[in-house]
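Peer 1: Here is how the chains run, residue by residue.
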Amino acid sequence: MTPLQKRAWLGLGVGVGMSLAILAVFIARGVTSFDDDLVLRAIAYVLCVGGLLVYGVTLRIKRRKPGRSEVLIDERDKEIVRKATMAQLWAVLLSLFIWAIALTEVYWGQKSIPIVFVYLIAISGLIVSILAQAIGILIGYRRMR
Amino acid sequence: MPKAEISNRIRRLRFDRGEMTQEELANRVGCTRQTIIAVEAGKYVPSLSLAFRIAGVFGVPVEEVFQYKE
Chain A
0 MTPLQKRAWL
10 GLGVGVGMSL
20 AILAVFIARG
30 VTSFDDDLVL
40 RAIAYVLCVG
50 GLLVYGVTLR
60 IKRRKPGRSE
70 VLIDERDKEI
80 VRKATMAQLW
90 AVLLSLFIWA
100 IALTEVYWGQ
110 KSIPIVFVYL
120 IAISGLIVSI
130 LAQAIGILIG
140 YRRMR
Chain B
0 MPKAEISNRI
10 RRLRFDRGEM
20 TQEELANRVG
30 CTRQTIIAVE
40 AGKYVPSLSL
50 AFRIAGVFGV
60 PVEEVFQYKE
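Quick note, the sequences are listed as chains A and B, same order.
Heads up: the first sequence at position 1 corresponds to 0 in numbering that gives the first Met the number 0, and the numbers run straight through without jumps.
Heads up: the second sequence at position 48 corresponds to 47 in numbering that gives the first Met the number 0, and the numbers run straight through without jumps.
If you're looking for bench data, these hints aren't it; they were derived computationally from the structure.
Treat the hints with care, since some could be wrong.
[Claimed, not checked] Stretches of chain B that chain A covers, calculated by requiring three or more beta carbons in the stretch to come under 8 Å of a beta carbon on chain A:
{"id": "1", "region": "23-31"}
{"id": "2", "region": "34-47"}
[To be verified] Chain A residues, not near chain B, derived (Cβ > 10 Å throughout):
{"id": "3", "residue": "T1"}
{"id": "4", "residue": "I26"}
{"id": "5", "residue": "A41"}
{"id": "6", "residue": "G55"}
{"id": "7", "residue": "K82"}
{"id": "8", "residue": "I100"}
{"id": "9", "residue": "L102"}
{"id": "10", "residue": "S128"}
{"id": "11", "residue": "I138"}
{"id": "12", "residue": "M143"}
All residues carry an ideal CB built from backbone N, CA and C; glycine is no exception.
Please construct the entire structure, taking both the sequences and the accompanying hints into account.
Peer 2: The following block contains the structure:
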């Protein structure tokens, strides 16, 4: 397994972990209480910023086995990352369009959207971005194995 | 445009050079062992630069390592 593949699995873990944690928090405290519940908002912020930081740190990790001088990232890895980044971009755009269409249709009559959705859109964008890149990298390796 | 296929003789050339390992070849050309595995299996077509480096390690012209089939 290449270092980039390991990083992709880590990204997948962070993305799934963040999704489950945020889902659990919203289920436990109720989505509708977001406006009044400061603790719920604080937990959501910590999970988002924490997840982003953990993911950012994983991008910087360069592990090398002791005594070895082998290349960690080569031209094939860069090609896979380039394709995965395109997949990531499309996945995030698609998620934004799904949010826009769904919210417009559901709240059309009220002419306003609850503020909680601004956070949910940001959180989902972050999670989709992390997951799409990780999945794109893993699919890229599977195809070029 | 017809699909082109690029085959290679890396496995054979490694064998001829005293069973050079994929890892050794990777280290000498500056790529990962997984990339050598993918190139050998025909799953990844290397850049010209990498192709020339691989040929250079074996001391043969690049067309002796890679063959283009239409």
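Peer 1: Look at each hint and say if it fits the structure.
Peer 2: Going through the hints against the structure:
Note: the region 23-31 of chain B has 5 residues with beta-carbon separation from chain A under 8 Å; the three-residue rule is met and the coverage holds. Residues of the region 34-47 of chain B with a Cβ under 8 Å from some Cβ of chain A number 8, which satisfies the need for three, so the listed coverage holds. With 10 Å as the threshold on Cβ separation, the claim that T1 of chain A sits away from chain B is violated: the shortest Cβ distance comes to roughly 5 Å. The non-interface label for I26 of chain A is consistent with chain B: the shortest C-beta to C-beta separation is roughly 41 Å, beyond 10 Å.
Every C-beta of chain B lies more than 10 Å from that of A41 of chain A, the closest at about 43 Å, which supports listing it as non-interface. The Cβ of G55 of chain A sits about 24 Å from the closest Cβ of chain B, beyond the 10 Å cut-off, so the non-interface label holds. The claim that K82 of chain A lies off the interface holds: its Cβ sits roughly 12 Å from the closest Cβ of chain B, which is beyond the 10 Å cut-off. Interface exclusion of I100 of chain A from chain B stands, the closest Cβ pair being 38 Å apart, more than 10 Å.
The claim that L102 of chain A lies off the interface holds: its Cβ sits roughly 43 Å from the closest Cβ of chain B, which is beyond the 10 Å cut-off. Non-interface status of S128 of chain A relative to chain B is upheld: no Cβ of that chain comes within 10 Å, the nearest being about 25 Å off. Distance check for I138 of chain A against chain B: the nearest CB is about 13 Å away, which clears 10 Å, and the non-interface claim stands. Listed as outside the interface, M143 of chain A is inconsistent with that label: its C-beta sits roughly 5 Å from the nearest C-beta of chain B, within the 10 Å cut-off.
In this structure, the earlier hints numbered 3, 12 are contradicted, and the remaining ones agree with it.
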